[in-house]
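K.L.:
Input sequences plus hints: build the corresponding full structure.
Respectively, the protein sequence lines represent chains A, B and C. Just so you know, we're using this note's numbering here: the first sequence kicks off at 44 and counts up by one. Just so you know, we're using this note's numbering here: the second sequence kicks off at 2 and counts up by one. Just so you know, we're using this note's numbering here: the third sequence kicks off at 93 and counts up by one.
Treat each hint with caution, since some may be false.
[Claimed, not checked] If you want a taste of the chain B side facing chain A, the calculated C-beta under 8 Å gives, among others:
#, residue
1, P177
2, F245
3, F257
Hints were generated in silico from the structure; no laboratory data involved. Just so you know, even glycine gets a beta-carbon here, dropped at the ideal spot from N, CA and C.
Residue-level listing of the chains:
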Amino acid sequence: MSSSHSYPHEPTGVETRKLGMWVFLSTEILFFGTLITTFMIFKGSDFPGMKLTDVYDIPFTSISSFILLMSSLTMVLAHNALEANDQEKTRVWLLATAMLGAVFLAGQIYEFTEFYHKGFELTTNIFSSSFYVLTGFHGLHVFIGVVLLLALWGIGQRQKGLTLEGGMNLEFVALYWHFVDIVWIVLFTVVYLI
Amino acid sequence: MTKIIEPSKQSSIFRRPSSETGIWSWITTVDHKRIGIMYGYAAFFFLLIGGLEALILRIQLSQPDNNFLTAAEYNAMFTMHGTTMIFLAIMPISAAFFNYLLPLQIGARDVAFPRLNALSFWIFIFGGAFLYSTFIFGTAGAPEGGYLAEEVGWLGSAPNGGWFGYQPNAGMKYSPGTAMDYWAIGLQILGIASLISAFNFITTIINMRTEGMRFMRMPVFTWMTFAVSFLLAFSLPIIAIALFYVTFDRKFGTTFFLTEGGGDPILWQHLFWLFGHPEVYILILPAFGIVSEVLPTFSRKPLFGYAAIVFAGFGIAFIGFGVWAHHMFASAISPVAQAGFGLSTMVIAVPTGVKIFNWLGTIWGGKLKLNTPMLFSLGFIGMFVIGGLSGVTHSIVPADTQQTDTYYVVAHFHYVLFGGALFGIFSGLYYWFPKVWGKMYNESLGKIHFWLMMIGFNLTFGPMHWLGLQGQVRRTWVYAEETNLQFWNIIVTVGAFIIALSIIVFMINWIFSKRNGEKAPFDPWDARTLEWAIPSPTPVWNFSTAPIVKSLDDFWHTKYSEDEEGRAVRREEADQILLELEEDGLNPSEHIALPNPSYFPIVLASGLPFLGYAVIYKSIPLALIGTVLLLIGGFGWGTEPLEEEIHIDSDE
Amino acid sequence: MITLYTISTLSLIVVDNINMLVKNIFKLKNLRFLALVFLSACIENAPLDSLSPEGPYARSIDELFWLTFWIAVVIFLIVQGALLLSVFVFKEKPDSPEPKQIHGNTKLEILWTVIPVIILAVIAVPTVRTIFDLANEPKDALKIEVIGHQWWFEYKYPDYDITTANVLVIPADRPVRLEMWSNDVLHNYWVPKLNGKRYLVPGQTTYLNLHADSPDEFWAQCGEYCGLSHSKMRGRVLSLSENDFEAWVKNQQQNANKLEGNSLAAEGQQVYLNAGCTQCHVIDGVWDVQGDRIAPNLTHFANRNVFAGAALYNNRENLSKWLANPAEIKPGTFMPNLELTEAEINALIAYLGTLK
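P.N.:
This is the structure in structure tokens:
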């Protein structure tokens, strides 16, 4: 056994924090997988009563889905800007991403209130309960994402600006944000379209 | 030698913690070794409580139609016994081993995310405290419309729906009060702790291995940690969602598991056991890892079939996700599902068998040193085989419909989780005692502990096989005198107290040896893995310089070569190498960057119980307090610089 | 059964090494002593014994269990034998040489992978066959509905229009098909001597076949934890010869007689009608209501030898204890303490005794 080699040693060549994020996201798949599976089970059950199809507004949700998708694009633009070390543009695109996320959230809140007024409440029946818990859980993720983006934007205001290294970096948040977007594409298909 | 930690001058509105000794140094520590030790003590504390609950249960069951406990108390006790032993004792005690040993075994300075590690520990502590606060704040009672002859009392105001929380019995209508909320949310918090440590260990194993530590050179204990972390990462999300549903059902009137609103109580069983079966392997695989370290060391032979043992471990973990419904053979599932899950359950016996035979192959032809850790490891094999074989009788579905929900099952899983997991854990506690404390434990007391526990264990759980086959049903507060179950129940209770006695012997040994034990030599067991290539107790910096690994059991090969017959021969230079290693280990020559202690893990973690209480009592102020604590913790965490250097003056 | 005991005792000496003393105690003296005690405990009959089948279903399970058990015993002896042998043979001695560094043996490892696979395949075939045999609906089976309540079993015979509780009466030597569901939480119906367990689930129907060889009485017990008085959710199964069963059916189909006059029993009937019992209990012919009541039908109460979820024998002493305060006996019960006077209780007991 010989020694003398300096720390840290990353045998995979992947940055450790990024690797940690990937591991985290892989368990997130299980979170959403469980939620979606139970939603599908209940969706297929023949319990009488109000269903999502009685209240939903596909065009509206399509637009808000499109907005969330666009936020992934702005996220990529922010990342590109940072790679080019353009702090100004990075901040703009970051803020744009956060705003698009916020618009999506506002849309979801509006949608929930609309459904609520139509009598499709959390405790109406199994269909409504599983709908709200599933989409609400995703909404919570978007909310956390927006907070992270704003925090990043705030850090970018400081003198040093943003970098692609360090604890809370842009790449880290971008991974999370893209994941949340992709999940929504699945949810939108499963919940509204099928 | 002096160490100087310079507090950060960088922007942070909070002063950095800088104590190296005293209580604050423990509260703010991010050192994996200290966290491991704290995990160990906390888990052992809960093990004692869980054991106490078991003794209370056994007193009640020593006589037919006994009234030592009320039904409410009995139900609360068995629920808390199961929940405590699984989530607050065995899992965290395994986490203690992971924390302490994993970085040492792969030659790393710490885990990948030291502060997350501290966070997961503190979340575990707060989760356990939250769950146990049910004895103070919780309420329980008769189902809606039912009557009780007497008050429930504090002992009965704990969760009472079983550790499995079957719905709808654990729902609001049939388990009113807040006790089951404490259970659901407490498990949720504990789940977060385990999930975080799972991310941490997976990342650590993938990315923190020292140079040359290829996957197939990792010690088996590290491999099992890896497998357990994957099991945690992929099974805990399922139970987390299921517990969300339970909490929604109980607190906000949804009907996920309630038939009257379109829900399905059997869905809970599926989700619970989709988590619950991998959980069994989460509990047992660390013991597999420990035994796979202890047996080769004290047989002075390499592990027989290293690759097979590793793949068998992962095979068990993988198949473990496909057998959950064998907990539901008597439930509402079709004969096709029964047959399928029966077969998949049988299949899991194959990799398990491979492991057992390979362990036997390891000791066969060795030079066995029968000291306490070795005795516990050998005992582990003997007891685990019994649990495994009774497990095979469960895969025979028709036979299982007779055995399920009886004491036969209780006997089975205690042979697996006590005779298996806990024997393995005790083996590990003795084995690594010198490494952690730099002292030797008392061998005679250790052997007394082993034999008392072996006797007590078999007296307790052996007769339970018979009791179960004779029709004693689990979770029953009383049994009728005509069932003729009394004789063996008395034996079982006596056995339980012998176990308690053995635990006292263990504690005495621990306390006295830690204080007055002989000083442990550098490598007391002539061991094989990297953690023995550094001084005992482990220095703060683990390895003064990163070791470079050239083979499996590299440390052993440094000391030994083989002659033409294949027998181990000690190298002439071995003693010299050991001396140098000890010297180097105590006197690091380079500046060492160690992660800094931090207040924020404990601050962040302290927010969670408030959020838990907020959900139970639907209280906005409590929710705000919790959120603020989370935000302070998160903000401080995000803005504090990660690591600074410990400057070491090695010119003594 | 001695084998089962031997297993647990053998395990005590698995890694024996300290000295002969310990070994002797456990191997010889205690073994013999405990084996005697064990046998004496064995001779007495346990009413919930799952190893003394009294019908074809339970018997097929029993055979399967013993097949597996003996295979397990052989494996157990091989493994523990190898373990003990290696401990004794390879225990460190002053002159032990350093061992050969064997890293594995592929052939051997393949062998001990394949052999268990073959053994399991041997067990799997009868297992799968028995699973489907047990699930099939038998021909010419009597259908009985079992409804689980916290904490008693209700039985309905749709063919005969009978509703009863706690004691399931079945014809001997004829298969019975139970259609089961629960009224509240999960329950689990278990008559160990006749078949394995099956859950009762709210909102779903599950099935279980019973078949008793001959007229006899069997014990039943709820297997699944179902709340406070789970341990007292018991039952009896009474298998009757063909004639007796027909007589029983005829009797059950009769309504109770409305009592007139001044007898103690008639007073008891008044208590039943006025004290609040009728809220939950039906007595056909005396208090007829549409639909189900949440408590057992009492029309033929005196015909059943047990009551209160079969936790109590049907006798005077038990009845007066029960009526005085039901929750004392079954915590959580839905039967309130009606604050009956001793006179009322006596009258009620007299009345209940007439409900044959």
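K.L.:
Indicate, hint by hint, whether the structure satisfies it.
P.N.:
Structure-based check of each hint:
1. P177: 18 Å, violated
2. F245: This interface hint holds because 7 Å falls under the 8 Å limit.
3. F257: F257(B) check passes; min Cβ-Cβ to chain A is 6 Å, inside 8 Å.
In summary, the structure is inconsistent with hint 1 from the numbered list given earlier, while agreeing with all the others.
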